[in-house]
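K.L.:
This is what each chain is made of:
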Amino acid sequence: MLTLFEQIDKGTLWKIPGGIHPPECKTLSSHSAIARLAPADHYIIPVPQAGDAYSLTVDVGQNVLKGQALTHGEGFRYLPVHTPVSGKVIAIEERPSNHASGLPVLSCVIENDKQDTLVSSIHPRLDPSDVVKMDNEAILSRIQQAGIAGLGGAAFPTHIKLKPVSEIELLIINGVECEPFITSDDRLMQEHCDEIVSGITIIHQLLSPKRIVIAIEDNKPQASEQMRHALNRSTLPSDLAKVTVIPTLYPSGGEKQLIQILTGQEVPSGSIPAQLGILVQNVGTAYAIDQAVYCNMPLIERVVTLTGSHVGQAGNYWLPIGTPIDDLLGKTQYLGNDDDPLIIGGPMMGYMLPNRHAPVLKGTNCVLMPTQQEIAPERKEQPCIRCGECAVACPAQLLPQQLFWHAKAQEYDKAAGYNLRDCIECGCCSYVCPSDIPLVEYYRVAKSALKVEAEEKKQAELAKQRFDSRTLRLEEEKRAREEKAKQAANKRKAAMSNNDKDAVAEAMARIKAKKAATQTENVSDAPQDKVAAAIARAKAKKQTKTVEQTENSVPTQQEKVAAAVARAKAKKLAQSIAPVKEPATETPDPREEKVAAAIARAKAKKAQQTATNEEPGLTTQQEKVAAAIARAKAKKAAKAKESRNSDACDAAAPVLDAQPETISADEAKKAKIAAAVAKAKAKKRAQAQSADADSANAETSHTSALTAHCATDGSSADISLTPAQQKQAKIAAAVAKAKAKKLAQQSLTNQEHAPTEASIGPDSAPEDGVTLADAKSQKSATSEADEAQIASPAEIKKAKIAAAVAKAKAKKLTQESMLTNDQNKD
Amino acid sequence: MAFKLASSPHLNTSAQTKSVMLKVMLCAVPGVLAQCYFFGWGAIIQLMLAIAVAMAAEAAVLTSRKRQVWPTLSDNSAALTGLLIGVAVPALAPWWITTIGAIFAIVVVKHLYGGLGNNIFNPAMSAYVMLLISFPLQMTTWVAPTGAALNDVSLLSSLQIIFQGASSQEILAYRAGFDGVSMATPLDAIKTSLSTGLTIDEALTLPSFSDGFGVGWAWINVAYLLGGLMMLKLKVIRWHISIGILGSLFVCAGVGYLLSPDTHTGPLLHLFSGATMLAAFFIATDPVTAATSPRGRLIFGALIGVLVYVIRSFGGYPDAFAFAVLLANLCAPFIDYYVKPRAYGHRSSH
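Just so you know, the protein sequences line up as chains R and U, in that order.
1 is the number of the first residue of the first sequence in my numbering; add one for each residue after it.
1001 is the number of the first residue of the second sequence in my numbering; add one for each residue after it.
Each statement offered as a hint is correct.
Below, a list of computed lysine to any residue pairs in the SDA-like style, where the Cα atoms sit at most 25 Å apart:
| id | chain 1 | residue 1 | chain 2 | residue 2 |
| --- | --- | --- | --- | --- |
| 1 | R | K15 | U | K1233 |
| 2 | U | K1233 | R | H21 |
| 3 | U | K1235 | R | W14 |
| 4 | R | K380 | U | A1059 |
It should be emphasised that the hints constitute simulated quantities derived from the structure, not laboratory data.
Bear in mind the structure is a predicted one, so any value in this text is a computation, not a measurement.
Can you build the whole structure from these sequences, using the hints too?
P.N.:
Given below as structure tokens:
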């Protein structure tokens, strides 16, 4: 940038490609000073030039003062419009617009009271020192509230341009005015150079650019002279700002072209000069900024060149914005007819006005009233001879001819490929075309077609996005539904498997009962102590039930249940396991315990298989009762884990309760230890439950272990139950019931004392190896479950392996016990 | 408000197709006059005939295509085509040669492709090539290019020869020079000489080169060069194509001459003999069939120059502009596609 500044200081100019030298015709209007016309009776202020979001602040019939804002709006892009005269709002309606289309727009019509009463906010000119003290926000606010739009013709809100995102290093003040006929900037520079420079100073204060270049074409020597003087008079440093005279060439005044001429740089396609650190402002805009900041004067009038040979008093005029064009014609001795064309702007880029009632706008710099000789006669378009003059003339270095072919063939995408959007519509190509092809018109059509296409594409893209997101959403919903369904299914499955377990237990119980029923008839005598042990176990089970189940369960039922259990167990004990007791007692190793558990599991499996077949066979009361017990137990076991601490303790209770009946004096200690261990484990389990969500699996395995434990009892009963001792068992059951009740009360009142009480249970049956083994197996089942619950996957695996081994052993044991059973029978 | 709304710009240059064509024709006047001087009345008769036939053919085709006749006819493009055919055929060629050529150019080459602006090939050159291939004898018998010929063959006898045909003896008589030697064009003479084993230096001693360059032809080329410079001055044409042709021809001929002066014609002889200047300024610059961008036109011209040199030196025809121009016409869309100028604000053209 530094070398560039050096070159700017040196006055280096670059050449733009193309360009033309149309007849200037500026002398028609450039010789007289800017004048004023007699005020019009009505002024038409189109409202949409205010910007997007606005609301009208006046109503029909309301009196307004000169300079009063007609709109109110929010937002940075908002630009107010003001009434140029004092008077009355006589209509707010659609009026023909000053546009090539002439389409009606909402406008305020002000009736001029010719008093020119200023609105109070406009004040006498401030001292420059006051302005220097203003902060940027205040200045920008004044510029915005003054409704200043670029006066070069584009009418872009100036305050937006003056708040660039990037730093501005070079400020270019555009006084080129390259269009033929127009002299408004020329006259303004000659007559109001000091105000313009004052406006430039304000922009300098806002943006502090490193250089300011006022560019003027060499066909306006007086204007450049005046501007130089004004610069010298100003407070701007002399090495900062300068007037640069550039050669006359249309379209040097185009923003991009002017930048190229002064800096040699090109504004990248599709971006704005600010990207290069350059800002271009029109001289008229600089004047308006001065007025707004120094006097708070809104933009309500501008210099307009009225020219062409059809106007008697060609010249420049201060015209209030909103002045109807037809009003001008009467006051400047219009010589033409109604059907003679009026051109708004210059002959190169201006448009023909379709309706003469349209008003002067902020961007209206010229009204050209030409004779037929002054503008191109209407000629028929001839075939393109590909002479290429258009390409030579094009300042944007496009290939207008190719653009034309594609635009004419409506191959707009191909035209876009030839950089159609970089066309600035300067009209050079049309100007030089020997075939009189209205090239620019073709490009405009192509551009708007592309715009429409892009808009449609955008809409289609939006629609696609909407569709995609909808599809995605639906898919997600579907997935969520499936997930939910899966979860529900899993839950159901889990519930089902629980039920299965229940069913298994039920079935096993049924089988037990059946077998027991049949066996009672066959087997008659068995040792009493065994029966007692069985009773004890039954009691324990019964107690568990009473502890955890509802209090209002019917006592007789309980009795029956207990009796049945006790019976079953007693039979089992009496008959089958007696021969096995010796090894069991002698080898109380953990393996043995596991084996016992495994047996149970194996049996459970077997029972499951037979369960469905057996069901119809249930006949006796006992069977039903047994089944009920089993169900209750299974349910309880399943529930136990999910319950509170106390439940966990209760779950441990069977172990505790089971032991007292079976232990002898020397085994009492062992039992105690076991009980203590069980209790500890129960506590631990409870903790684990509340702490650990992962334990869900473990719980399940624990549950199964408990079920297995139940099965162990049941199955051992079904093997060993001697029918002959049914009566004894009943008696024992009664005893056991009583004990169980007592125990239940105790365990409820004081759980901690439970082991002690259990250990000193008065009716402790004589020691029996089998019962001990039983107890151990119970314990092992529990401990196994405990292990499973707190186990890591590895441990679970280990446990599974052990279980498998145990299963094998269990089978063997079953066979042996069957054998012994047979032997006993024999 | 009943006036018609025109789109901007509302200004236009006075330059129009018809004025462009007219200027081209006017700039061709010096060359045409030189041809008349050296080849007699026959040249101007052929010119008039070709223009008349071309315009008539244009009118006929326009009528049959149900187009407005006068607006198109008045664009002078048909007249220019006729002019170029007229100056390209030998001065005393039979009338039907010119007529066939002009009709072929307008009807087949121009209008069958869609009329002005849509033809791929240069109409005049296509017609010339067609005639050259179809009627080689008539197309290569040039009268001796001498100012005396103007006196020898009166206007009446020229008309008689062209329209009624002439006995072979008469033609022979007219084709003979002062010394009774049949006159070929200089390039023809060189080609024939080279093929008979003579060197360039020896060939240049032939009567055709009595003024060192080839009698008459050099002056004709100078006249066309003058016309070409006028066109450049009037901005009727841009310099790119012409300079491309002349530059590349000069370079190629120069290299060839430096490598083998005995068997290759010197660059100046290349530039100032045959149809070089006519083609470089009046034929190849036909915008319709040329490349459009300045750079593309330079390439287009250079391609013609190279082709001309190659065909002149190594091909079967003594002059080659018609072929070279047609071949370059074929390449023009290709050149245009790949040679696009970098548009404002774009870093590179692709």
